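The task is to assemble the complex, starting from two chains supplied on their own in separate frames and drawing on the hints.
The listed protein sequences correspond, in order, to chains A and B.
First residue of the first sequence? That's 1 in this note's numbering, and the numbers climb one at a time after it.
First residue of the second sequence? That's 1 in this note's numbering, and the numbers climb one at a time after it.
Since the hints were made in silico from the structure, they are not lab data.
Derived DEER-like restraints, expressed as beta-carbon distance ranges: (1) B:ASN130 - A:ALA121: 27 to 33 Å; (2) A:GLY331 - B:GLN206: 38 to 44 Å; (3) A:SER337 - B:ILE147: 38 to 44 Å; (4) A:ALA204 - B:LYS134: 56 to 62 Å; (5) B:GLN206 - A:ALA121: 20 to 26 Å; (6) A:GLN271 - B:TRP228: 54 to 60 Å.
One-sided excerpt, in silico: chain A residues whose CB lies under 7 Å from chain B: (7) ILE40; (8) ILE45; (9) HIS51; (10) GLY54.
Quick caveat: nothing in here was measured; it's all calculated off a predicted structure.
Glycine residues also receive a C-beta, built at the ideal position from the N, C-alpha and C atoms.
This is what each chain is made of:
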Amino acid sequence: MISESSPKKKRWILPALLVGLAGLFLSVSHFTGNEDPQLIKPSDIPIVMGHREGCFLCHQDMTGFAPSHDPKAIGCSSCHLGNPLAAKKEAAHKEMVKVPGNLDTVSATCGQSACHQDLTAKVVDSLMASGQGLVSVNRYVFGQTQSPDGPGHLSHLSDSAADTHLQQLCVTCHLGFPKKISARIDQKSRGGGCTACHIDYTKAATQQMADYHQTQKLPQLHPELNIKVGNERCFGCHSRSARISLNYEGWHETTLKLKKLKNPEDYRILQDRRVLTFKGADVHHEKGMLCIDCHSARDAMGDGNNYNHQGEQVEISCLDCHNKNPGKFVGYNQLDSDSVKILQLRNREDRRNVEYLTTHKTGRPLINMTREPNGPVKFSGKLDHKVRPLNAPIEACTDMGGHERLTCQTCHTQWAPTCIECHTQYLPNKKRKDHYTGEKVQGVWREYKKDFTALQPTLGVRRDKRSGQDIVDTFIPGMILTIGGMQNNHPDSNAPHKKQLNRYQIFRRMFAPTFSHTIQKQSRSCLSCHKDPRVLGLGEGQITYGAARKQTAEIPMTFTPKNRPHPADGLPRDAWTAFLETKTRDTSTRTGSRPFNRQEQHRILLVGQCLSCHADNPRNTSRIYSRFTLALNERTPQCLQALKRQKKGLRQQLLTGKKRVQPNPEDL
Amino acid sequence: MFGSIFKFWNRRLSTFGNLAFAAFLIAVVSGIPLAIGYDVDNPSDSLQLLLLTDAPGVFFRSLHYWSGQLFLLFTFIHVIEHLSEGSERDLKKGLWIRLVLALLFSVFVMLSGFVLKADAEGRMAQQILNGLLKTIPLLGADLQIVILGNSNSLNLVYIHHVITTTLFIGIVIIEHMRRFWPELLSYVYLAGLATTLTVLIPQGLQLTTSAEIRGPWYFIGLQEILHWISNPLLVVGILTSGLMLFILLRWVNPVRSQKTKRFLFAMLIFYGILTINNWGFRDASWNSLFF
Numbered sequence: 001m002i003s004e005s006s007p008k009k010k011r012w013i014l015p016a017l018l019v020g021l022a023g024l025f026l027s028v029s030h031f032t033g034n035e036d037p038q039l040i041k042p043s044d045i046p047i048v049m050g051h052r053e054g055c056f057l058c059h060q061d062m063t064g065f066a067p068s069h070d071p072k073a074i075g076c077s078s079c080h081l082g083n084p085l086a087a088k089k090e091a092a093h094k095e096m097v098k099v100p101g102n103l104d105t106v107s108a109t110c111g112q113s114a115c116h117q118d119l120t121a122k123v124v125d126s127l128m129a130s131g132q133g134l135v136s137v138n139r140y141v142f143g144q145t146q147s148p149d150g151p152g153h154l155s156h157l158s159d160s161a162a163d164t165h166l167q168q169l170c171v172t173c174h175l176g177f178p179k180k181i182s183a184r185i186d187q188k189s190r191g192g193g194c195t196a197c198h199i200d201y202t203k204a205a206t207q208q209m210a211d212y213h214q215t216q217k218l219p220q221l222h223p224e225l226n227i228k229v230g231n232e233r234c235f236g237c238h239s240r241s242a243r244i245s246l247n248y249e250g251w252h253e254t255t256l257k258l259k260k261l262k263n264p265e266d267y268r269i270l271q272d273r274r275v276l277t278f279k280g281a282d283v284h285h286e287k288g289m290l291c292i293d294c295h296s297a298r299d300a301m302g303d304g305n306n307y308n309h310q311g312e313q314v315e316i317s318c319l320d321c322h323n324k325n326p327g328k329f330v331g332y333n334q335l336d337s338d339s340v341k342i343l344q345l346r347n348r349e350d351r352r353n354v355e356y357l358t359t360h361k362t363g364r365p366l367i368n369m370t371r372e373p374n375g376p377v378k379f380s381g382k383l384d385h386k387v388r389p390l391n392a393p394i395e396a397c398t399d400m401g402g403h404e405r406l407t408c409q410t411c412h413t414q415w416a417p418t419c420i421e422c423h424t425q426y427l428p429n430k431k432r433k434d435h436y437t438g439e440k441v442q443g444v445w446r447e448y449k450k451d452f453t454a455l456q457p458t459l460g461v462r463r464d465k466r467s468g469q470d471i472v473d474t475f476i477p478g479m480i481l482t483i484g485g486m487q488n489n490h491p492d493s494n495a496p497h498k499k500q501l502n503r504y505q506i507f508r509r510m511f512a513p514t515f516s517h518t519i520q521k522q523s524r525s526c527l528s529c530h531k532d533p534r535v536l537g538l539g540e541g542q543i544t545y546g547a548a549r550k551q552t553a554e555i556p557m558t559f560t561p562k563n564r565p566h567p568a569d570g571l572p573r574d575a576w577t578a579f580l581e582t583k584t585r586d587t588s589t590r591t592g593s594r595p596f597n598r599q600e601q602h603r604i605l606l607v608g609q610c611l612s613c614h615a616d617n618p619r620n621t622s623r624i625y626s627r628f629t630l631a632l633n634e635r636t637p638q639c640l641q642a643l644k645r646q647k648k649g650l651r652q653q654l655l656t657g658k659k660r661v662q663p664n665p666e667d668l
Numbered sequence: 001m002f003g004s005i006f007k008f009w010n011r012r013l014s015t016f017g018n019l020a021f022a023a024f025l026i027a028v029v030s031g032i033p034l035a036i037g038y039d040v041d042n043p044s045d046s047l048q049l050l051l052l053t054d055a056p057g058v059f060f061r062s063l064h065y066w067s068g069q070l071f072l073l074f075t076f077i078h079v080i081e082h083l084s085e086g087s088e089r090d091l092k093k094g095l096w097i098r099l100v101l102a103l104l105f106s107v108f109v110m111l112s113g114f115v116l117k118a119d120a121e122g123r124m125a126q127q128i129l130n131g132l133l134k135t136i137p138l139l140g141a142d143l144q145i146v147i148l149g150n151s152n153s154l155n156l157v158y159i160h161h162v163i164t165t166t167l168f169i170g171i172v173i174i175e176h177m178r179r180f181w182p183e184l185l186s187y188v189y190l191a192g193l194a195t196t197l198t199v200l201i202p203q204g205l206q207l208t209t210s211a212e213i214r215g216p217w218y219f220i221g222l223q224e225i226l227h228w229i230s231n232p233l234l235v236v237g238i239l240t241s242g243l244m245l246f247i248l249l250r251w252v253n254p255v256r257s258q259k260t261k262r263f264l265f266a267m268l269i270f271y272g273i274l275t276i277n278n279w280g281f282r283d284a285s286w287n288s289l290f291f
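Next up, chain B with everything else stripped away, as it sits in the complex (with noise of 0.2 Å):
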């Protein structure tokens, strides 16, 4: 069914994968003149200053949030183009692990950017973030030290969404698609996109801490996993275990190979499902209209 939906879009419009590509670099030019403006010791109100006295940094700002979030989207869509055909068995194993670290990559440039938000949100994520970093067993403090840093500060984070994340999926992107920029008619419908979401929903900031915060549009479903799981150990575990097999699929025969592909998407599904009773059915006092 994937196979000619995805067939379809190929032939008229961009491939998901040049979408993405040009997302990427559309996020990361966009981000310069955040990049400079943003103060690390003061990120609150060096973003407040910059909505309310700076109107091409509120454009750029917005412009890096909806660019990025359409290179998560397409990144996504791009995953799953790859595994309905089975191309991933094309790739070499380096160039694989790479690229699902270059996934994982891809959703804490994104995480890292909500945190750097510094708002009510933004704090929020950070504290999910720190909490489920320390239950992981033996390594949890280290990692812990290594992603977000020892203290509330945010250095390490801006660093990290700056530098590290964005050059090692720029770098991984590159060798993947073997170009360094994807086609222009990719570049012309992200720039159009983006602009048109950049212009009629702005992104302000979370002032206010209510019952009503959501996380982003992909973490939604990890908060509801959170409000069913009270024990955060057993969620990493979920996690790094779904991260396993993800990983294993270019090593096991293809009948078992599809099998795995059919699980993990029926998981995803269900992913969805908790992310829309979590962001559509919730009230204010956590209250769900169906489960």
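This is chain A alone, in the form it adopts within the complex (with noise of 0.2 Å):
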């Protein structure tokens, strides 16, 4: 019988009853263990987002917050997990998340059902949490992929030469690296998920947060998580890399050191001791404008859909605001309900019977570009309220012929960070604290910068990857650096000056694209882009005209680098392409960005060459750019006078061995 007792059972009394016991035991460790429970009376425990809130036995002293997240409303463990059914602090506080927000528990705090899934699925594959333009440009430079588009994401990356680069320098500006400690945003705040952004602390909230650091004494006052997204918010993520937020104040990063200064007061230093100088703030910046006013929440945070790089996430354009004819409107009604929030969130539910002017480029509504029916469009500062005049651009911008595919940029930045040639270095015996993980590994990265400076943007060909077509835009110096220190081959076997390339391992020379955000309403001058070779690509120097002939568009050029030649390529050390040549590989750290081609340079240069003297007549200009071939053939006998007295100086260049290069005349 299966239930018949056996004898040999009664030596196993003994450790049945050691196991009883151990119940027993634990059964009064945990009674005794227990606070008095049976004084806490069911109306002291509220019940909010349909249950007990078990947190309001200790923590319903706790100020500060906006109205959305009030824990009467909302509760504590709604951001804060843990178990708010127990009454004792160590069950209570189990499994609780002190800082909310971070992407790896965002499903389950901001992100659960009740209160931002779809918005938190969004930024969780936004490229500000991905980064995947930065890994895929990352893994391109390196040899590792065939494309600077593709997949990626920072919170994935592998042990490779590339992925580690990026995981000891880059990694920590992203949305997904987690904060572990509570503190305001400041200058070197990193990710924190939803909080990189949205959580305000007042001043009295920071000393009491950095008491509770100090002393472990509870705060009374809990920061306000809001919409209120300041400059400062975005400022410790994007003062680093293309440096947006710098440019934007107008301060440019210089390589001085903190403590070599003479003047410091002459400088703005910023909290990593970096030393800034100021070259010119962005219109918009000296308007009053914030980052938000321009950037929309989908901007920000992503819109759903996956984007390569942040120039294809981004939906705002300058013709959105500056157009004569603006785009489309949409009526209150309209509008998705994450507009309708932010316009409940930021108070502005009186606007219900205005229309919202969409962008161009996604047809999505700006909830701070408005117009009564029929009337004038409005601007209004998202925190300010403040409505600022729309200028339409002048005819200048709009009607001059030959510059169709110049972007606003083009000709409205002022200046742009450029490091001309950098190095980074493998020192395989260096240890270093990872970034990500806070461990100590083997092996470093090292990045040496040589020249820091403020200058024009250099101007190239970007293809717009929504309209499909080729458009002039700003481009600065992405990648002129050489990596070493690898123990890998270069992947390039077909790279010019193979044996001085494989000194260095890996030589890059990439420009990419940028909108430097240091914008006025001055626009740069004819020349400065018609006759300035570095703004054309080829770097710092001297292009010189020879003399011309009637009825024929020759005019030969010649061009003297004043940077001497990199070994690796044998082109100026801050060129991005050969004179009068045409680059096709290695060209960008975008898909269909280039250098301008043979053909291009030709025909800027040869308008460069005309509006040396008729840069000041609008009436010329006009004609120049517009039928530029018609104007050559009706040069004067003074215009031909005036040219031929270059040709001395040409001559005298190619005595001392300068290029002489004789345009194609299908390039006219």
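Here is the structure:
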């Protein structure tokens, strides 16, 4: 029989008793360790979000919340998790999240189904979280992939050379980097998911949190969660890389060392000891506009679509505001739910009777660009609600022949941070703290910068992915760099000057399209494009024109670079492309972007030659730009005489061995 | 293979039948204070207040939970033990049918306890049960009213959990064991094991609904089957066929019985694989690592 007892079981009575006693002991300790819950009345524990919130037993005095995140409405556990149904501290705080909003836990906190589920799902895949462009460009530069586009997520990096490089130097800025300590957002803040932008500490709350970190005394003042995203919340991350936060405020990062500064009061010093000098702010900053006044929530947090690079995700463009013929408008009832919610949070519900402008790129509404039915378009600041005038572009911007492909920033960008040469070196024997994991790792990537200057950006051609058209845009040297110290061979076996190249292992000369956020009303001059070799991507130097012949378009030109050639490819160190040559490989960190080709260079320089004398005469410039071939054929004797005078200078250069290039008539 | 394992166990420790009986009695006793404090009209809130204000209540609730889980686990093992020895043939036919029904009731008493939590998991389980019962042709609606009641109230579920199923299971166990109490040793083992689990893994409530919610361990395989087979009637049909096969074991000849047992055991293993796949290898989006 199965249930029959065996005499041998008597031996097991003692162990059985021990098991029973262990259970009894644990039970006793369970009860003795308990606080006195019998004193708690049900009325002490409010019901929030459909359940009892036991957190109030200890934390009922916490203040400082915005209405939408008041614990009386959503409780504490909605954000901080833990167990709101436990009366004991240890049990209540089990699995508590001290810093909610980090993306690794966001699906249970901010992104739970009752709160911001749709929004956080977009954020997790947005570029600020994934850094997809950063990852794919870095892998491309390291020769790991064949394209600067492609999949990649900063939270899922491998241990390849490219990925460890990112892991050590770049990864902390992305939203997925978990914030471990609660603190006010400052210049050194990195990551933290939702709280990277939406946490707002008052002075008192900052002090109380600082005290808590030192004394463990629980703060009574909670930071506010809100959408009042001021520029300081963008600054920590966006003062790096392209440094748009610095540029926007007019600050240029120098390579000066704080310790060696003789007059530090002339500079701005950041918390991380970087030294800045003032170069001129963006006109929008001067007018008091914030980052969020142009950049919508979709720009920042993603719209649910997958983009390779930030430029593709950004939906705002200059023409949305500065346009004689504004885009389409939608009514309040046609707004998407996110836009309505944002309007409610900004107390702009009074705006039910106005129409909202939609963007040219995506047709989605801009909630701070409105008009009364059939009235003029008004722009209002998202935080200060101040209405600012919108100026339409002047005729020269819209009607200038030959310049249809130019973006607004091509002419209106004042300067851009430019680093013409840097070196990244892998030091296998050094150790370094990994930013992401906090652990010490063997092998260190180190960057060595050279000159870092504020210059007008280089111009080049970018393919707009939405329209498929080539447009002229601003570029900076995204990469003129060497990468050394790796064991693997350089992937580009057909590269020129391979002998020298092997010494560096990897050499890249790629420019990146940029919107440097240094816009001014005053545009750059005609000559600053048409006669400046650096702006054309040739590097600093001198263009010299030879004598022209009547009835032909032939004008010989030479270029004398200022900087010595780089041993890896023979181009001047600050150049993007060679003089009157077409560069086809390794041009840019973006697919479809390239420097001006031979034909384009020649056309621009030829026009530059004419502008030397005619730049100040609008009638002449209009003729030159609109019908250049005709203008060439109608040159006056004075014009040809003036060109002849240049011949002497050119001959001198030819005697010293500089390059003379005869233009191809087809280029015209 | 099973025979030697069970023999080894039974010589040294309590039999699984005794352990299951002890677990059942501990579950019944620990359930009494819970049944008294439970508010059927406001079930979730009454349990939440119990968790926050009543430390002994928290203990008894957790003890009730764990003794219940152990009861079901040891009952399953006890059944496998019987079938592996072929001892089901020693049972009278009527008792065999009552035992199989008691086995069904045991699963139901566990499920009804899960539903009575009235938290996110409980509500979801209630919906799934309702949905499954509804699909049964002709009898579905009536069965739903008889088992779960015809409203969202948990009144009937509470009555079945506390009285109907508990009484039936208790009577059948006593009839089967031919004794009112299991041996003392099994009590000591069970009490020790259950209280240890009670204190180390206390039972809370699942407040929020999320994609990661799973049913109780014995229910997860069914969730996985429902994921693969979109027609619930087919699932009900498969389960009923399995049950009929199980009942018929007492009547078929020994050779066929052995084959049927092997088939049922293979199904049990498959159910276990489905359970493991669902439990351990499905992410929040319900994607499986394997299949």
